[in-house]
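So the sequences go chain by chain: R and U.
Per the working numbering, residue 19 is the first one in the first sequence, and the count goes up by one each step.
Per the working numbering, residue 19 is the first one in the second sequence, and the count goes up by one each step.
Since the hints were made in silico from the structure, they are not lab data.
Worth double-checking, as some hints may not be accurate.
One copy or two, either will do: identical chains are not told apart, so a pair holds if it fits within one copy or between any two.
[What the hints assert, rightly or not] Restricting the straight-line Cα-Cα distance to at most 20 angstroms, the calculated cross-link-like pairs of lysine to aspartate or glutamate (DMTMM-like) are:
(1) Lys193 / Asp35
(2) Lys110 / Asp98
(3) Lys110 / Glu231
(4) Lys232 / Asp379
(5) Lys323 / Glu22
(6) Lys111 / Glu359
(7) Lys193 / Asp68
(8) Lys311 / Glu185
(9) Lys311 / Asp379
(10) Lys232 / Asp98
(11) Lys323 / Glu223
(12) Lys113 / Glu238
2 protein chains.
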Amino acid sequence: MLVERAPETFRQKQNIDVRIRHEVVGLDLSRQRVQVEQAENGKSSWESFDQLLIATGASPLCPDVPGSHASGIHGVNTLDSGIRIRQVIEQKKPKRALIVGGGYIGLEMAEALVRQGLSVALIERSSEVMNTLDTDMGALVSDALRRIGVELFVEQSLQAFEISGGEVSAVVTDKQNIPADMVILGMGARPNSDLAAKAGIPLGEKGSIRVNEKMQTDVEKIWAAGDCAQTFHLVSRRPFYMPLGTVANKQGRVAGINLGGGNAAFPGVVGTAASRICDLEVARTGLMEKEIKQLGIEYASATIKSRTRAGYYPNSGGITVKLLAEKASGRLLGGQIVGAEGSAKRIDIIAISLHAGFGVDQMINLDLSYAPPFSIPWDPVVIAARNLVKLL
Amino acid sequence: MLVERAPETFRQKQNIDVRIRHEVVGLDLSRQRVQVEQAENGKSSWESFDQLLIATGASPLCPDVPGSHASGIHGVNTLDSGIRIRQVIEQKKPKRALIVGGGYIGLEMAEALVRQGLSVALIERSSEVMNTLDTDMGALVSDALRRIGVELFVEQSLQAFEISGGEVSAVVTDKQNIPADMVILGMGARPNSDLAAKAGIPLGEKGSIRVNEKMQTDVEKIWAAGDCAQTFHLVSRRPFYMPLGTVANKQGRVAGINLGGGNAAFPGVVGTAASRICDLEVARTGLMEKEIKQLGIEYASATIKSRTRAGYYPNSGGITVKLLAEKASGRLLGGQIVGAEGSAKRIDIIAISLHAGFGVDQMINLDLSYAPPFSIPWDPVVIAARNLVKLL
Numbered sequence: 019m020l021v022e023r024a025p026e027t028f029r030q031k032q033n034i035d036v037r038i039r040h041e042v043v044g045l046d047l048s049r050q051r052v053q054v055e056q057a058e059n060g061k062s063s064w065e066s067f068d069q070l071l072i073a074t075g076a077s078p079l080c081p082d083v084p085g086s087h088a089s090g091i092h093g094v095n096t097l098d099s100g101i102r103i104r105q106v107i108e109q110k111k112p113k114r115a116l117i118v119g120g121g122y123i124g125l126e127m128a129e130a131l132v133r134q135g136l137s138v139a140l141i142e143r144s145s146e147v148m149n150t151l152d153t154d155m156g157a158l159v160s161d162a163l164r165r166i167g168v169e170l171f172v173e174q175s176l177q178a179f180e181i182s183g184g185e186v187s188a189v190v191t192d193k194q195n196i197p198a199d200m201v202i203l204g205m206g207a208r209p210n211s212d213l214a215a216k217a218g219i220p221l222g223e224k225g226s227i228r229v230n231e232k233m234q235t236d237v238e239k240i241w242a243a244g245d246c247a248q249t250f251h252l253v254s255r256r257p258f259y260m261p262l263g264t265v266a267n268k269q270g271r272v273a274g275i276n277l278g279g280g281n282a283a284f285p286g287v288v289g290t291a292a293s294r295i296c297d298l299e300v301a302r303t304g305l306m307e308k309e310i311k312q313l314g315i316e317y318a319s320a321t322i323k324s325r326t327r328a329g330y331y332p333n334s335g336g337i338t339v340k341l342l343a344e345k346a347s348g349r350l351l352g353g354q355i356v357g358a359e360g361s362a363k364r365i366d367i368i369a370i371s372l373h374a375g376f377g378v379d380q381m382i383n384l385d386l387s388y389a390p391p392f393s394i395p396w397d398p399v400v401i402a403a404r405n406l407v408k409l410l
Numbered sequence: 019m020l021v022e023r024a025p026e027t028f029r030q031k032q033n034i035d036v037r038i039r040h041e042v043v044g045l046d047l048s049r050q051r052v053q054v055e056q057a058e059n060g061k062s063s064w065e066s067f068d069q070l071l072i073a074t075g076a077s078p079l080c081p082d083v084p085g086s087h088a089s090g091i092h093g094v095n096t097l098d099s100g101i102r103i104r105q106v107i108e109q110k111k112p113k114r115a116l117i118v119g120g121g122y123i124g125l126e127m128a129e130a131l132v133r134q135g136l137s138v139a140l141i142e143r144s145s146e147v148m149n150t151l152d153t154d155m156g157a158l159v160s161d162a163l164r165r166i167g168v169e170l171f172v173e174q175s176l177q178a179f180e181i182s183g184g185e186v187s188a189v190v191t192d193k194q195n196i197p198a199d200m201v202i203l204g205m206g207a208r209p210n211s212d213l214a215a216k217a218g219i220p221l222g223e224k225g226s227i228r229v230n231e232k233m234q235t236d237v238e239k240i241w242a243a244g245d246c247a248q249t250f251h252l253v254s255r256r257p258f259y260m261p262l263g264t265v266a267n268k269q270g271r272v273a274g275i276n277l278g279g280g281n282a283a284f285p286g287v288v289g290t291a292a293s294r295i296c297d298l299e300v301a302r303t304g305l306m307e308k309e310i311k312q313l314g315i316e317y318a319s320a321t322i323k324s325r326t327r328a329g330y331y332p333n334s335g336g337i338t339v340k341l342l343a344e345k346a347s348g349r350l351l352g353g354q355i356v357g358a359e360g361s362a363k364r365i366d367i368i369a370i371s372l373h374a375g376f377g378v379d380q381m382i383n384l385d386l387s388y389a390p391p392f393s394i395p396w397d398p399v400v401i402a403a404r405n406l407v408k409l410l
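Chain R with its partners taken away, still in its complex shape (with noise of 0.2 angstroms):
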């Protein structure tokens, strides 16, 4: 979480009354109130509403296995936590680093803690990294973390901390012990919906706060948004959760002009996230295998190797570039980006033709822009297409 505004420039700008080290400790929805307590002192007091929104976030998963609260064993999501691991290593100076789980989060701690000179192991329940990309797509990203010598322990799962003198000292996965001076959890987020289960309001995918298009919880006067509400998918058209900043803004937004007595709709996402790693761009949209999987969709895919400019031109890179297309019907579903600079924000090109339903077919002759420091002729997504449609 990054803090934009302080305080005080809600208040005296924005006319917000905005409490910091209050925490909101109970929801009575019939009496239309909130108890809040104050950090400082304990003290707490109840606070009327006439409407409520619930933008309480979500916190890192934490796995409930021996050991897991000692000392040393670090969740990112605050900026206050990549201050703390950062005094941690500068004071206690730990040798080896361990990463709970190979997402967005403790891909982007690996590589950061490998800047820092430390020896770095990563374990992942999968067979590769960033496991929301297909298999073949993900190996590309663990071969990027192998090669700044990060040592990656795949398809083991976490059992249990052990712990010497209140401190973390090794890692007991399923399959081997991993000595560690330190650990970071990247195991996902879980909505903060506590405080709204307790209310009585009803959860839905992951524990998420259900709330429909206009950020309306199920309970009449009581809206939800950000990393503690739920989404829709709109290429799977199945409830969603997906904690990140950009639905969580697209869904503040919705819920500040519905609540101001406008009229806004947030009709979902179709699964976009972009990340660097290392020297790589990693992007994805729409479903992946398992998804489409699940759905019990057949699908065809075509993955392309290509260049992100022309190469001729400086700087030009590799990408590989996946697609993913419904075989009935030729429909788009979802694809996947990695490669060198360049690369992830040509996602944008595929989750736009999903927002819009287009056909593979649809996609070959889009007029997407061209000169030599920007693409190729053909953009790779295109030549993907290209290749896919063949296969429908």
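Given chain R's structure and the hints, the job is docking chain U onto it.
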């Protein structure tokens, strides 16, 4: 024009009999044959055909003004013309170059000649360079050119060239004389359609060869594709001439498939183009204000200034995005982007939205990729859409 394959490669790998230095000088539709002249010996012969594809490309527009055949005046459309210009610079060491026309070619040449150490001036008929942009956006490009020392003479039109000893010595506009040792023509391209026209094949926009979406001309068994052929504008729903490599590639593919007995179509373009000028990336798509007015459409526009990447991230730069939409329906009509590295490829977001026929309101919730190395949480294009919606 870039040469990707040698004639031998065509012959050996693809069984295509490529004959270079052979010019088709006559086309006899009734007897299905072409008259071919060999450059080497001037010999001419007739070759018959079953199907004929005309892919004669375009030539730089050459002004029909006094002195236009003087030495030292260069068009730029082939590798050879680039090589020749470099030779002239090395051998004759010109000091003052003058560019006629502020389009892509003119601007790229202006920058290249500044880098070669020449003093560079440019004349342009409009009030700003890059007249495929609205003037407010073009002004940003004019500024960038002036920053690298290019002297701009705007709102002036070419009247004549002055010659001294057979060599160009000055350019005469309707307002002044500008001395020059070297002149580069960047006045656009005209289709090489004379051969087709003489044979009675109907022409269309700007003298390009009229084709349908299968790349058939109005004459049976005669096809045309590339810079000599017309295309269709999917936003204005009118015939359009757009001699760019992206269009030529797509038309060539479709013509080839159909000639080979297959079935493909190229529905048309939305008008996308991108270029890098100095430290600026410049891109446009759809209709510009002038075109919208010509169609008699009431429109609104929004222009925003934002950042290409998260402000705290290295290489975050400025970006200006302009969007145009139909007032009555909210339908997106076009967009233009000028900004730092990472700006231009964002035009694809607007281009695909045009293909999809999106209203500007549909662009607000597009699930575009975000991570600090690639964007800000709301893509600048979406910020422009948010502002534009309020004006509709």
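Results for each hint:
| no. | hint | in the structure |
| --- | --- | --- |
| 1 | Lys193 / Asp35 | neither (52 angstroms within a copy, 63 angstroms between copies) |
| 2 | Lys110 / Asp98 | within (18 angstroms within a copy, 65 angstroms between copies) |
| 3 | Lys110 / Glu231 | neither (48 angstroms within a copy, 69 angstroms between copies) |
| 4 | Lys232 / Asp379 | between (34 angstroms within a copy, 15 angstroms between copies) |
| 5 | Lys323 / Glu22 | between (39 angstroms within a copy, 18 angstroms between copies) |
| 6 | Lys111 / Glu359 | neither (33 angstroms within a copy, 38 angstroms between copies) |
| 7 | Lys193 / Asp68 | neither (54 angstroms within a copy, 70 angstroms between copies) |
| 8 | Lys311 / Glu185 | neither (43 angstroms within a copy, 71 angstroms between copies) |
| 9 | Lys311 / Asp379 | neither (22 angstroms within a copy, 33 angstroms between copies) |
| 10 | Lys232 / Asp98 | neither (32 angstroms within a copy, 60 angstroms between copies) |
| 11 | Lys323 / Glu223 | neither (36 angstroms within a copy, 38 angstroms between copies) |
| 12 | Lys113 / Glu238 | neither (53 angstroms within a copy, 76 angstroms between copies) |
The structure fails hints 1, 3, 6, 7, 8, 9, 10, 11, 12 (numbered hints given earlier, in ascending order).
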